[in-house]
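Now for the letters of each chain:
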Amino acid sequence: MNVSLILIILLVGAFATYIAGDKLASKVALFFGIAALGCSVVLLNHFNLGENISFLSQWINQPHVSFSLNADGLSMAMVLLTAALTPIIIFTSFGTEHKNAKAFYALILFMSFAMVGTFLAADGLLYYIFWELSLIPIYFIALIWGNGDAEERKKAVVKFFIYTLAGSLFMLVAFIYLYQKAGSFLIEDLYKLNLSATEQLWIFLAFFLAYAIKIPIIPFHTWQANVYQKAPAVGTMLLSGIMLKMGLYSVIRWQLPIAPLAAKEYMNIFIALGIAGVIYGSIVALRQKDLKKLLAYSSLAHVGLIAAGTYTLTIDGLRGAVLQMIAHGFVVVGLFFVSEIIYRRYATGTIAEMGGIRTQSPKFASMFMILVLASVALPTTFNFVGEFTVLYSLSQINVWFAILGGTTIILGAYYMLKMYQQVMLGETNTKAFADVSLNEGLALVLIIALLFFFGLYPKPITDLITPSLENIIKVINRA
Amino acid sequence: MNNILNEIGIENYIFLSTILFSIGVFGVLYRRNAIIVFMSIEIMLNAVNLLFVAFSTYHQDAQGQIFVFFSMAVAAAEVAVGLAILVSIFRNLGSIDINKLKNLKG
Amino acid sequence: MDTSLTLLLLLAPFIGFLFNVFFGKSIGKSASGILGTLTVATSFATSVYFFMQISQTHQAIQIQLFDWIQISNFKVDFGFLLDQLSILWLLFVTGIGSLIHLYSISYMHDDENMHKFFAYLNLFIFFMITLVIGSNLLVLFIGWEGVGLCSYLLIGFWHKNQDFNDAAKKAFIMNRIGDLGLLIGIFIIGSMFSTLDYATLKTAITGTTNLNITWISIAAFALFIGACGKSAQIPLYTWLPDAMAGPTPVSALIHAATMVTAGIFMITRLNYLFDLAPDVQNIIAIVGAVTSLVAATIALVQTDIKKVLAYSTVSQLGLMFLALGLGAYEVAVFHVITHAFFKACLFLGSGSVIHALHGEQDMRKMGGLKKVMGITFFTFLISSLAISGIPPFSGFFSKDEILMVAFEHNKVLWIIASLASLMTAFYMFRLLYLTFFNEFRGTAEQKSHLHESPSLITFPLIVLAILATIGGLISLPTNSWLNEYLAPLFAKASHEAHHFGTTEYALMAVAVLGGLIGIGIAYAKYIKQNIVPEEDSQITGFAKVLYNKYYVDEIYDAIFVQSINSLSKFFNQYVETTLSSLVFGLGKVTNELGFQGKKIQNGSIGRYLFAFVLGICAIITYLFLAQ
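Chains as they are written, first to last, in our numbering: chain A, 1 to 479; chain B, 480 to 585; chain C, 586 to 1212.
FYI, nobody ran anything at the bench for these hints, they're computed from the structure. These numbers come from a predicted model, not from an experiment. Treat the hints loosely; a few may be bogus.
Not the full set, but computed from the structure, chain C residues with beta-carbon under 7 Å of chain A [as the list claims (entries may be wrong)]: (1) 593; (2) 655; (3) 743; (4) 745; (5) 754; (6) 1026; (7) 1142; (8) 1152.
These stretches of chain A come out as covered by chain C in the derived footprint (C-beta under 8 Å, 3 or more residues) [stated by the list, open to error]: (9) 338-352; (10) 449-460.
Don't be surprised by glycine CBs; every beta carbon is placed ideally from N, CA and C.
Taking the hints into account, I'd like the entire structure generated from these sequences.
As structure tokens, then:
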């Protein structure tokens, strides 16, 4: 039994969903999503028992490419995140009718397939292929099933596509250069390379361009808000919940260990860039008029902090970053689902047209509130664990980093509570607002339960990721 | 064996071939009637064929002559296809003036 | 046994919260209220049990549940510590908490969301217990943020009113500024000592001699900022008066008796750390003294009954910080306790008044309530005497000790504190006279409805008034039970050694005299001359500055809120669009290149052929030259 099984399930699921037809598509997709989750849990169990669940096979002879899937703690954590969020995301869309549903759900599973592949791939070219593959389904999902004016949407989505693709090409160039040097794309061979400082700097920058656009780190974030707003809720969830984490994961997995000298030399610049993102994103979020755009900028802020954590190159920074990646994945999916629930009832994303919802829907209001609080990292939520660890690691580099990065707990509270006040509180809205349906409530409760469980007891995840992160730190410090 | 090149030097063949080829090029560039352009291309082809034969004799090697047969066969096929295209263009546009054929524009 | 009892102590209110959230609506208002009260009473009973136990054994109880957060070189446990300090805090948090729950059953009975109110109150008690009994700074931080959250929820309890929501938001954000300070302090402590656990920390700090005092001072200062946020000290005090938007029991519970004392708890908890940072201690003392004076001056002219009490709370907290800064932790704790008694009583009393007047909070429209509301008046009077420092009420003892400590250290601080006390006596009796004496100034309709509150409201008042009267007994100047009880906590020897001589008696006399002067002025103005404060528009001069709270809110708004908003505007309008157009610009350049290049391929076969021939010529030439 090895990790390729998850990939097979998801790929087969995508085809099966397409064949199943529009009526059955959502249920078939959910089935395969849950199957993939179950499979990854079983694999996790095997992994924890110390079994080898990696997969390696020759693929292309010339150039020398192998189909190598390596599951360590870090990869498994990310795969679990993807596998857990995919069924939730599919489930959240049960309330909406989609035209051509079979293609829609098949694309979700396909996207999930590509992302899991990205998290598992241990061969540079294979990784690159999965990385690019994940872009295709989200392009179609956002373009075809998105909302708002079609021309505007096309503009935003095409920009996103070309932008990320262009960034990734630099990564491909870096990989080709590395292949020339190492004669292999395998990650362990790349880890062993002894590159000069100049070479490392160029490779670091090439990777950075790809990841900075994907994550996004300012000033490469301009695609984000518009795409989040225009994409359908499911697309936004996939993007913000999982796809962003691909970039952050790749920083830890590929960028830092391959070019450690450059990472160490310019560490402060990149940490500062991440923290600038925290402050900038928070301040820009303050004046957003559209709920999804506001959440997009809040995501920019949180992700900036995570990126800053990864560039500290300390075990605390990396661990905090991974914990926060997972926590943010859940909370952001929850928040975008909340915005979708409002959209279903009011058919608008404009904050000014909302307000006074709380009196009509107490359950929804409470769950929304909890998600807001999780997003501002209240202790006992999972986000606090991550944010605390990241901020602690920043304080070890320089206390000012921690103070400036810590403004997120003030500014974050400011824009999130302001938003909550404008959306939910005030005089009862004249338009009726039905409280959450069973399906909607179930999805939100699931997310909330996970956030609280890991907020109080993050040990399973910490134990899972720590050994592999320690290995990566070892590789970083090899020279 | 009596070699014809002993009587007329190889350079004469080259000159003739060059002149023929240049006439062809000139015709292709200058004329607007597609059929004449076509004929010019044939002249260029034949100029090359002539050169093939001449060099073949010069080197005492039959390969060049064999190649001429290929080239002529291909030319014949090409003429057949090309003329067919021209006829169809004429039917559609009522003209075979190449300056009016601008549909290739992107 | 201890573990399960601690869990009962902690989780009882949480279960009450959950029950009220899920079933509160269906079981009816009274039932949900009684349930909420019972859970807190359970916690109180357990606290009493622990108190008895620790009084005998003098042994702190340590409980570790599980590993929580893993940092590179240390772990943070999820654990609890029940020692003298935390049990003392537990007693009055749960004790006063139970009384306020009881009071709320009647007070909130007309509110449609009463079950929610009780749920939030329960949750608040839960977080407050967590704060107090956590065994390390991070568990304290859970409670710290949690009570901030509950205060947000309770201030904004009437969420249809956006002004209340603004006040709630403001309280939360102000608190969070302090929280950041606390976090930074935690980071520094963590990296210096590789632990956040109180017990280990105490050994690490007191047992080592060559500590880096600079970093300890920075950590202490950061922690102090955290305390400023929670305990409403300058510059982070402005949220507390606004927090009066919440229902009155909330003001009594959160903003008088319990939550605002968290800062004092934290500093007392880490007294060994602060002892090493004398500069920070000085800052604390000065901030405390200044806060007490500034808040007292503002309270002089306020007309909203709850606003007066709010500023009086800020002022009293300032006195406690003064004591903390002077290293007299047990004195601060003493004042925390007596203050909890009389301030809770005052707030609940004002709630009783507001209840009788159907929501009227303006003192200019009150008066003469003494006749109808006998019990409320009487308890209010006792508490006012206590807060004014008149013997033999509890406030006299605690305040007197603070003044004495101040006199010992620094005469200027003593003068400031004495002035603040004098003003306290004045504004409290101004409040009392305006509310309960003379004739009723409200509408006739209100007058016809005037009534004494039901016994569920008056019972807690009576209990608190008794406590406010006798509370001083726990720390008499010559024989202090409290100081002995708390002694194990402190690194330095207790301050109580000072013998009682003429200076002390003179100081005491001065303090009492000050209180009496304040009361006398109030009597002269509001009883003899029967003055009623002017309408808002007629207030002029310095009084207007005071009435508008030195315009601090406006200044903060202009400096911080507006600048952030305009920065946001600038980012949105210019930076975002510039960045976006840069990216689009790249696309446009590519597009333009293609557009120009397209012209070459105009579709004319003649041109193509020409290009073709030229190309061949070029290739041939190149080959020639290459040879």
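Going down the list of hints, with the structure as the test:
| no. | hint | result |
| --- | --- | --- |
| 1 | 593 | 18 Å, violated |
| 2 | 655 | 5 Å, holds |
| 3 | 743 | 10 Å, violated |
| 4 | 745 | 5 Å, holds |
| 5 | 754 | 5 Å, holds |
| 6 | 1026 | 32 Å, violated |
| 7 | 1142 | 13 Å, violated |
| 8 | 1152 | 6 Å, holds |
| 9 | 338-352 | violated (count 0) |
| 10 | 449-460 | holds (count 4) |
Of the numbered hints given earlier, the model fails hints 1, 3, 6, 7, 9; all others are met.
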